[in-house]
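Enquirer: Going down the list, the sequences are from chains D and H.
Every letter in the first sequence is one number past the one before it in numbering that gives the first Met the number 0, and letter 23, counting from 1, is 22.
Every letter in the second sequence is one number past the one before it in numbering that gives the first Met the number 0, and letter 47, counting from 1, is 46.
For the record, the hints were derived by calculation from the structure and aren't laboratory data.
Remember, predicted model here, so these are calculated numbers, not experimental data.
Just so you know, not all the hints are guaranteed correct.
Covered, in the sense of this in silico footprint (three residues per stretch, anywhere, with C-beta under 8 Å from a C-beta of chain H), are these stretches of chain D [said to hold, decoys possible]:
id, region
1, 4-17
2, 76-86
To give an idea of the interface, some chain H residues facing chain D are shown, with a C-beta separation under 8 Å as derived from the structure [to be verified]:
id, residue
3, Ala39
4, Asn42
5, His43
6, Pro264
7, Gln266
8, Gln268
9, Glu270
10, Glu271
11, Ile273
12, Gly275
13, Arg276
Every residue, glycine too, gets a C-beta built ideally from N, C-alpha and C.
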Amino acid sequence: MIAPNHILATFDEALSSLRNSVLMMSSLTERSLDRAITGLLQRDDELCAIAIADDEEIDQLEKQVDKDGIDLLLRFQPVASDLRRVVSAMKLSSNLERMADQGTNIARRARKLNQHPALPEAELIKPMYTHAMAMFKDAIDAYVREDVQLARAVVPRDQALDDMNSAAGRRLIDRMAEDPGQLRGYLNLIFVSRCLERVGDHATNMAEDAVYAAAAEDIRHQHSAYAESK
Amino acid sequence: MVTVLDMPETTSPITLNQPAPAPEPEVERGMIEIDRLGFAYGNHQVLHDVSLSIPARAVTAFIGPSGCGKTTLLRCLNRMNDLIDSARITGGAIRIEGVDINAPSVDVVDLRRRVGMVFQKSNPFPKSIYDNVAYGLRIAGVTKRALIDEAVERSLRSAALWDEVKDRLHVSGYGLSGGQQQRLCIARALAVEPEIVLMDEPCSALDPIATAKVEELIRQLKQQYTIVIVTHNMQQAGRCSDHTAFFYLGRLIEFDLTTKIFSNPGQRQTEEYITGRFG
Chain D
0 MIAPNHILAT FDEALSSLRN SVLMMSSLTE RSLDRAITGL LQRDDELCAI
50 AIADDEEIDQ LEKQVDKDGI DLLLRFQPVA SDLRRVVSAM KLSSNLERMA
100 DQGTNIARRA RKLNQHPALP EAELIKPMYT HAMAMFKDAI DAYVREDVQL
150 ARAVVPRDQA LDDMNSAAGR RLIDRMAEDP GQLRGYLNLI FVSRCLERVG
200 DHATNMAEDA VYAAAAEDIR HQHSAYAESK
Chain H
0 MVTVLDMPET TSPITLNQPA PAPEPEVERG MIEIDRLGFA YGNHQVLHDV
50 SLSIPARAVT AFIGPSGCGK TTLLRCLNRM NDLIDSARIT GGAIRIEGVD
100 INAPSVDVVD LRRRVGMVFQ KSNPFPKSIY DNVAYGLRIA GVTKRALIDE
150 AVERSLRSAA LWDEVKDRLH VSGYGLSGGQ QQRLCIARAL AVEPEIVLMD
200 EPCSALDPIA TAKVEELIRQ LKQQYTIVIV THNMQQAGRC SDHTAFFYLG
250 RLIEFDLTTK IFSNPGQRQT EEYITGRFG
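Build the full structure now, drawing on both the sequences and the hints.
Expert: Here you go:
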């Protein structure tokens, strides 16, 4: 639901600017991850270098979002849905920055992999990347449209990514035993797989923040609470 | 400590003309029940069918845009509106501890002792600090100097003003700062040991430091008193109150825990008002 205009137009402008910064971070993070994975799969060092360089701009945007968010809290003391929008924007920005860090990590691992012969097991990364990015895009979409249903639906999808990561890890460990000469390469792929699993975790966090922003409901840690009660 | 029972009955007895009630559970004391209240000034209906249960020993804030009826409702709680010729209740009832305060048998003077009031603008009497606080007790017929001394000190301490004025109790109340004058008025209200304290925008004329002192005072007073506060300051309502009632056009739109109202109100009108999107 889009709220009617605030009586103070400056508040609407400040909130809009904050959200735009978050969306800019989201676009840059998506592009950075895409460059890192393409650099890995196409063995393109230049793309990897660009992905690593992208991180600086995202880091600066995170600081900008924090500054603007605190400024907005100080000047307007928002409440109810306004407060949730500001808080969730700041939390999303933190998750986006860490997600972009995973892009940098993947690009660094890809550059190491590119120094050696190609490993067919790199194909294991493709479906994980597709899945993680679908979660990421849906989480951002849910945040932008304040779509609680879509945001909720993102959370359980993390399990499939965790399973893919575990399966890839097992496969790559097996390959290490079979082909110890490529041990470093397989280890780098395990790290890349782990990075994508973390991307899924951040997408889950963002979806949870989107639910909080739109519905004032905290759905974090519900699985772990349930597991402990069992 | 001075209690009403210590006071000689030189004026009308301070009761609600009810037999001495059996001790009730602590939580029930001071409970105000507003039941489908309607109120009008002449033909102008100001409150429509308002029902609200105000908990004891907690702070309840009334918020809403100007003209929504929140001050009128506050003034209904100690029948201050009786002083306005055209004012009349058009339906429903207000009960304090189960007693209908508009029943013919209720002594209005006693009601206003039990339900004290602090106004928007501090209004000390043109008397000394001491005499301002002692005024209500003297009106109630208390003459013993020792009792009055004790009550003045207790009230000024309760109003967090004692340390600032203890050496000049006999200078004019007008010599105090705005914030001190407002706390003097609170002390004056507390001197007669009310159960309920009504506050009508008590900080609207105060600077931020004086406002903070009054807000801290409200926090302390709720241990002992039921407090109802009308405020236009959303942050103040959020800071001070335990429950908040939002009114619009004479109707109660929403009543809930303050944390709920200011984090996730249940009604769209409440949300739009507290976030500044109203109108």
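Enquirer: Out of the numbered hints, which ones does the structure contradict?
Expert: Result: hints 3, 4, 5, 7, 8 break, sorted rising.
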